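J.: Listed below, chain by chain, are the residues.
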Amino acid sequence: MITLGSYLALSGIIFSIGLVGVMTSRNVLKVLLSLELLLAASNLSFVAFSKFNGDYAGQLIVFFVILVAAAEVAIGLAIVVLMYRRLSTIQADELRTMKW
Amino acid sequence: MVDACLVWTAFFAPLIACVLITLFFLKCKTSSSLIAIAGIVISFICSCIVFTQIFQNDPPAQLQQSLTWIHIDDLTINFGFLMNPLAIMMLLIVTGVGSAIFIYSRGYMEEDPSSPRFFAFLSLFAFSMIGIVLSNNFIQLFIFWELVGLSSYLLIGFWYHKPSAADAGVKAFMVNRLSDFGFLTGIILLWSLSDIGQGRSFQFTDLVSVVPHIAPHMLTIVALLLFCGVIGKSAQVPLHVWLIDAMEGPTPVSALIHAATMVAAGIYLLARTFFIFEPSATALTFIAFTGAITSLMAAILAVAENDIKRILAYSTLSQLGLMVMALGLGGPMQGMYHLTTHAFFKALLFLGAGSVIYALHHEQDIWKMQGLWKKMPITGTTFCIGTLALCGIFPLSGFWSKDTILALAFENNTVLYLIAALASGLTAFYMGRLFFVVFWGESSDAHHQGHGHEVHESPAVMTCPLIFLSILSAIGGFIGIPHFLFPQEAPEGLNITVAVISSIVALLGLGFAFNIYGKRPSSDPLAAKLGGFYIVLKNKFYFDIIYGWYVDCFQQTVAEYLERVEKEFIVRLCVGGITNLTRNAGKAFRYLQNGLVQFYASIFILGVVLLFLFLMKSFALIIALSVLPLFLFLWLA
Amino acid sequence: MSPFFFYLFAFVLIFASLSVVLARNPLYNVLSLVVAIFSLSCLFVVLEAFFVGMILLLVYAGAVLVFFLFVVMCLNLNAISFASAAQSRLRWLGGLAGLMFASSFGLAMKSFMKAQAMEVSSVRGTIETIGKILFTDYLLPFELTSLLLLIAIFGIVSLAQGALSTGKETDNI
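Chains as they are written, first to last, in my numbering: chain A, 20 to 119; chain B, 6 to 642; chain C, 179 to 351.
No wet-lab data here; the hints were simulated from the structure. Nothing here was measured: the structure is a model prediction, and the numbers come from that model. A couple of the hints might just be wrong.
If we take Cβ atoms under 7 Å as the criterion, some of the chain C residues that face chain A in the derived model are [unchecked claim]:
| no. | residue |
| --- | --- |
| 1 | S180 |
| 2 | A188 |
| 3 | N207 |
| 4 | L211 |
| 5 | L218 |
| 6 | F222 |
| 7 | I233 |
| 8 | A293 |
| 9 | Q294 |
| 10 | A330 |
With a Cα cut of at most 27 Å, we get these calculated DSS-like pairs of lysine-lysine [what the hints assert, rightly or not]:
| no. | chain 1 | residue 1 | chain 2 | residue 2 |
| --- | --- | --- | --- | --- |
| 11 | B | K379 | B | K524 |
| 12 | C | K292 | B | K622 |
| 13 | B | K534 | B | K545 |
| 14 | A | K118 | B | K592 |
| 15 | B | K167 | B | K32 |
| 16 | B | K545 | B | K167 |
| 17 | B | K373 | B | K167 |
| 18 | B | K373 | B | K543 |
| 19 | B | K622 | C | K288 |
The beta carbon of each residue, even a glycine, is placed where N, CA and C say it ideally should be.
Make a model of the complete structure from these sequences and hints.
T.: Structure below.
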């Protein structure tokens, strides 16, 4: 029996994986990709709630989230490209001028 | 009817004079002296007018006016005056004798470059003293009490370049401060007991109705504590040590402050608030014996002094002791009567001594003065009148006032009478000694060779006050002062026995003095006659040495220990500890900002987890899981 | 039938996301994400949210991840070596945080039970139904997102413009 709980558990797992990815990736691109995973997990959760509560609002929110994610990725990648041009590397550790 | 405006004018005129001098006239000698004299004379004139107004009616009028200064719940402190016959008499003395001395000091301080400062301080003192006289509540009295102490300090140490003068000023202030501690404790204790349904009060008029309701032993304690203030201000044993050294100040200061008015403030306090002391026989006995002991001890010490001003200072001490004793025997009228006449002739004596000092260019050792009567007739005559008044010779004012005190002692307590009589005899002896050594006989030119020029009489600005005061000293017994002081009391007749005994004792004392000193030996023969005892007298019964030892050995060590505690513990440990803690915490937390975004993200997520756990109320997990990252962070950083 | 498809797509999703995080080659990362998005879309279809599922495929997998691929190719990442930095220790903190986060889900047992008891409704997220709501109740956010996209384009163009005009020297990061 597939219930809302299963979908939420799945969403939680994906979210955790994405979180670990964001926090531990040495590569900036991988960080961005993991961010996408986070968003995907949230989207799944929304849609599941929408289905089980009988409210379309969840799906509409997903629609907007996808849009915003697209815009955010575009800008994020532009920044990554600029970073590569400046530092010749895309290691996250190289961005550390805001130190104490 | 008493005009309140006049009272306020009399109150504040000297203060305005002081402020004017300080702000505008610190460089002009003549203007500053004139402003100061104007201030005190205005007060005197106002006092005279108020005096006539009070005694126009029968019974005499009384006026009290005050503004509320502080009012917080139960605490009410007013600022105002209480004008009654006692107050107006004291005010007349202060302003009258004060005017004479102000005029005198215009001449005396002529050559001193910083005389404007002198007149400013003198006016400040006049204001403070008038404040004590007019105050209608204890807190205001205390404020002016302290102000008078301050003025005294400033004036004693007026020539602050002289180390002995500066030290004397500090000594006077410290001793007074000590006594004021007891005084303030007594005031506050009395206030705390003063609730009989209308709230607590500091006002004298309210306390009159409160006193009967206070328990006897508490009243004794209050009375003794209040008497502490008198001990310091009026220089009773054991806090008499400052008055002798206070002679370092200029002579007008000694005349005004340390003879006529400030030291009499204690007596005035006792008389004004006598209703507090009256019910307590223990306190009264204590007061009486303190006064008697002071009187006798000072008289004994005066015999061995060689400085003209110090002899007069000891005689002041002795007379103050007599006044205090009178109050202790239950006779405020007698004490105040003697205070009034004492103000006259003691001021006269001091001003005369100042005249002599001025003429001899600040020479103060009596063995260097000889036969001055011929050279300075006015000074000599007035000094003679003053001496006779002090010794209590009929019909001068001193005779009348001193006899009322002796009669009071005779009737109530024989021991005290004997002590007082002995002190009076000694008074006559040493005053005679002083007079004969300084003024009697032939003047020797050899003494004045060092000064280069002739000794002549002082200028009129100095001799007129002398004449004024000598007239008052002479007729003071006949103008009915007791009636003005305490109109309700019936005038007492003269006690013939006491009068005769005291006259005989005084004449004996003068005769003794004439015997030893009439022939004007070149140095004091008493030194040889008294031998070892003379050395004890020279050391003033070792009071100063004992106090000095206490301060050096005991008090100083305690103070140094406390300073160390403060420096080490409070400053270094507590305050420094806080700063170090903050600095080190900052140093530790700095490492949290290492510029790595993913690190920030990790901390962020940890915070979210903690928040989640907190909301789910699993405290054990919170504690466990929050300690863990901390250790991790420390390992990583 | 429903449970089978759910478990199928769920496992694909999990493996793909693990691959996104754990794979070494950046190309594999991107392609794994494509697979993950695809399986997510299928899950949406299982949940009868057809419109959103298609949009996901079109926009996400079709545009965004292609963009990622462009960048990966452009930066020639295979040549860059990922030497282990000195700060590798701090990454453990991240791992720990993620672990704690995941385990804290276990505390939500009660609401999980509640969620398990919910009934499925008959909502079908077709174009028609979504469109009806999108253009009536949610019209304003819809228009605003277009504005958002416009602003995003502005941002990127200005970033790139700075880089273009000054070459390597740029301070627009």
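J.: Among all the numbered hints in the text so far, which are the ones the structure does not match?
T.: Of the numbered hints, all hold.
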